[in-house]
Amino acid sequence: MTKQTYKVTGATAYRGHQPGETFEADLTDDEKRRAMDRGSIAVAKKPAVKEAKDA
Amino acid sequence: MPKRVAFKDSVTVDSVDLSNFARSVSFSSEHERVDVSGFNDTGSSEFLAGVTTQSVTVEFYGAYGASETHQTLYPIHQSRDIVDFEWMPDGSAAVGPTNPKLKGNVQILTYNPGATRGDADTYSVEFTAADPAGLAFVTA
Numbered sequence: 001m002t003k004q005t006y007k008v009t010g011a012t013a014y015r016g017h018q019p020g021e022t023f024e025a026d027l028t029d030d031e032k033r034r035a036m037d038r039g040s041i042a043v044a045k046k047p048a049v050k051e052a053k054d055a
Numbered sequence: 001m002p003k004r005v006a007f008k009d010s011v012t013v014d015s016v017d018l019s020n021f022a023r024s025v026s027f028s029s030e031h032e033r034v035d036v037s038g039f040n041d042t043g044s045s046e047f048l049a050g051v052t053t054q055s056v057t058v059e060f061y062g063a064y065g066a067s068e069t070h071q072t073l074y075p076i077h078q079s080r081d082i083v084d085f086e087w088m089p090d091g092s093a094a095v096g097p098t099n100p101k102l103k104g105n106v107q108i109l110t111y112n113p114g115a116t117r118g119d120a121d122t123y124s125v126e127f128t129a130a131d132p133a134g135l136a137f138v139t140a
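Chains A and B, in that order, are what the protein sequence lines are.
Okay, so the first sequence: first residue is 1 according to this note's numbering, each after it adds one.
Okay, so the second sequence: first residue is 1 according to this note's numbering, each after it adds one.
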């Protein structure tokens with residue numbers, strides 16, 4: 001399994017993370033399915049890393 | 001330890017914090033009484049502890065929004081999934097000897113929501129221990 005970034009989209013806290021927060025976790029397929037089906041979490045895209053410009 | 005009024009309890013099912021939707025928790029752990037009595041002068045019975053059956057029953061408020069009571073519990077029952085369960089007396093404090101956490105993997109074998117006209121929508125759900133580790137209080 002690999003860690004993925006999720007956002008808490010439901011009205012209740014998930015794994016100790018409050019609604020609106022993002023977190024990284026290794027969820028099993030079943031955990032992910034249940035949590036996403038009921039609207040607890042959604043996969044969050046990691047913020048794009050800006051490439052450093054040459055000075 | 002002082003006496004307490006229960007109002008900060010924390011109830012988590014499948015990692016979802018359902019504390020605000022729960023209003024009572026009742027844990028049961030029972031060893032079967034196996035009668036191993038033999039003939040004796042006093043007529044006393046003798047028992048040994050047999051297999052253990054554990055469950056925890058929570059009374060929930062019915063709520064049907066995303067990641068609320070029904071949408072959390074019904075899929076677990078429907079899919080016969082085994083999920084984590086946690087209850088602790090004070091959800092705002094760390095786990096410890098004075099704030100033990102009951103935890104374990106559970107199933108929802110029976111799911112029976114209902115409603116009564118004019119009353120708060122509440123129903124009880126029994127979580128049955130689902131693996132050999134059972135439900136146990138931890139302090140760390």
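Just so you know, not all the hints are guaranteed correct.
Straight line, CA to CA, 30 Å or less: simulated DSSO-like cross-link-like pairs of lysine-lysine [to be verified]:
1) K8(B) <-> K101(B)
2) K3(B) <-> K103(B)
3) K32(A) <-> K103(B)
4) K101(B) <-> K7(A)
5) K101(B) <-> K32(A)
6) K45(A) <-> K7(A)
7) K7(A) <-> K32(A)
8) K3(B) <-> K3(A)
9) K101(B) <-> K3(A)
10) K8(B) <-> K32(A)
11) K7(A) <-> K3(B)
12) K103(B) <-> K7(A)
Worth flagging that the hints you see were computed from the coordinates, not collected in a lab.
Please flag the earlier hints that this structure goes against, numbers listed from lowest up. 8, 11
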